[in-house]
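Visitor: For the protein sequence lines, the chains are A and B, in the order given.
Counting with the working numbering, you get residues 1 to 229 for the letters of the first sequence.
Counting with the working numbering, you get residues 1 to 180 for the letters of the second sequence.
Please keep in mind that the hints were generated in silico from the structure rather than gathered at the bench.
Careful, some of the hints might be misleading.
When the alpha-carbon atoms are kept at most 30 angstroms apart in a straight line, the in silico BS3-like pairs for lysine-lysine are as follows [unchecked claim]: (1) B:K149 <-> A:K151; (2) A:K151 <-> A:K189; (3) A:K151 <-> B:K58; (4) B:K149 <-> A:K83.
One side of the interface only, derived from the structure: several residues of chain B facing chain A at Cβ under 10 angstroms [stated by the list, open to error]: (5) N25; (6) Q42; (7) T116; (8) A141.
Only a predicted model underlies this, so the values are computations on that prediction, with no experimental measurement involved.
For every residue, glycine included, the Cβ atom is placed at its ideal position computed from N, Cα and C.
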Amino acid sequence: MNLALVTSYIIAAMLMLSIVMMNLRMSSSSSELTLTQITRQHVSDVADMLNDDIPNMGFNCNEPTSENGDLGGMILTQAETEKIQFYRKLDASECDDESIESHYPQLITWELLEEDPDFTPENDSHRTLLRIEQDTDENGEIVAGSERVTKIRTGVTRFTLRYFDEYGKSTDPDDNEHLTFPVSLSSVKQIYLELEMQSAAQIHTRANSGGRYIRSVYEKRFSPRNLDL
Amino acid sequence: MGGYSEVINVIGAMIIFSMILLNANHMIHRNSLIQIEGEFEQEIIALGQEIIEEALSKDFDRVTVDEVLPPTDIPGGFTPDSEFDCPNEKDRGDEDFEAFEDYHCWGDTVETAHGTFEVSAEVFYVEKVDHGNDVYSFEPANSQTTFKKIEVSVANEFLTGRDGEPLNYKLEFVRNYYAD
């Protein structure tokens with residue numbers, strides 16, 4: 001057997017193997033980057049909605065909802081670990097129009113559903129995040145049929161809320177500095193939110209590995225101005 | 001020389017391939033860095049906004065705390081910036097942390113799901129400068145005005161510049177007394 005030929009075959013095989021491995025790693029890295037960008041964009045979209053809703057809770061045409069007796073003098077109406085409900089006026093331009101009856105605030109609900117039978121995700125950890133808007137009337141009652149529901153099914157895996165009656169406390173769940181349930185709604189001053197999303201597809205770094213989901217987390221402690229009035 | 005030419009060819013091919021491999025590895029490393037930087041920067045913006053929103057929920061000046069009447073002389077009656085305290089040892093939840101300027105030269109280490117961030121803030125008076133053609137800017141003022149600016153700096157050990165030092169991300173907000 002020709003030794004030079006065998007050696008050249010071995011070197012060729014090593015080179016081929018390296019090229020294949022390099023290709024695999026590059027394609028995996030590119031997929032990971034793309035999935036990260038998609039997941040982060042989803043997080044950013046939901047965070048934009050939350051950044052509009054939560055800091056503006058309690059706003060109404062002439063006075064905060066906390067000073068409106070028909071609404072029970074409330075801003076927050078429900079405060080749970082995975083659900084929050086509050087009043088806010090969504091469209092302030094309506095306040096300038098005397099003829100419009102809807103000078104009353106909307107009731108906004110954010111809730112992470114435990115189960116959603118209409119949703120069969122690729123990633124088993126995905127859950128449905130609901131945002132519900134409801135109109136109220138002059139008595140503070142919900143207007144029948146006014147419910148507008150947004151179902152966010154873009155990969156939410158965690159939507160955790162913690163409530164604080166003082167500024168700047170530790171957000172670490174083990175510190176127990178946050179209010180414990182049932183929360184005293186009138187004493188809430190700050191709301192800490194943790195939103196986690198995962199990609200629908202998995203990234204496989206090796207051909208026989210189980211793969212992993214890309215995750216992106218948004219966390220922020222909100223200080224809605226109307227809660228401190 | 002004839003027997004060596006193949007060896008030289010192989011060595012040449014290996015060098016070229018090694019360079020391609022190094023380049024690919026560099027690209028993969030860059031991709032990972034971009035991913036991590038993006039995630040951390042998202043957190044930095046949220047932290048900065050958090051401090052600015054919290055400061056905005058406090059009174060404009062300590063002389064207007066507890067809904068007392070505003071000073072007769074505005075803005076001369078506001079607290080001069082030479083009297084802004086440096087509350088490094090204070091907690092944001094402290095009772096005397098009740099006005100916008102109480103965040104002046106405050107600093108803390110904040111633990112988040114992404115790691116540890118160094119956060120600090122500065123508050124000072126600014127004045128509106130008219131550059132013509134409806135272009136305005138806010139420049140530091142020497143005396144009290146009805147505008148106060150908060151500058152929040154956030155840094156993380158993994159977000160560094162070319163010199164290896166942590167980058168200081170700054171978020172700013174100008175607060176107008178009359179717009180409160």
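Visitor: Which numbered hints turn out to be false for this structure?
Guide: Violated: hints 1, 3, 4, 7, 8.
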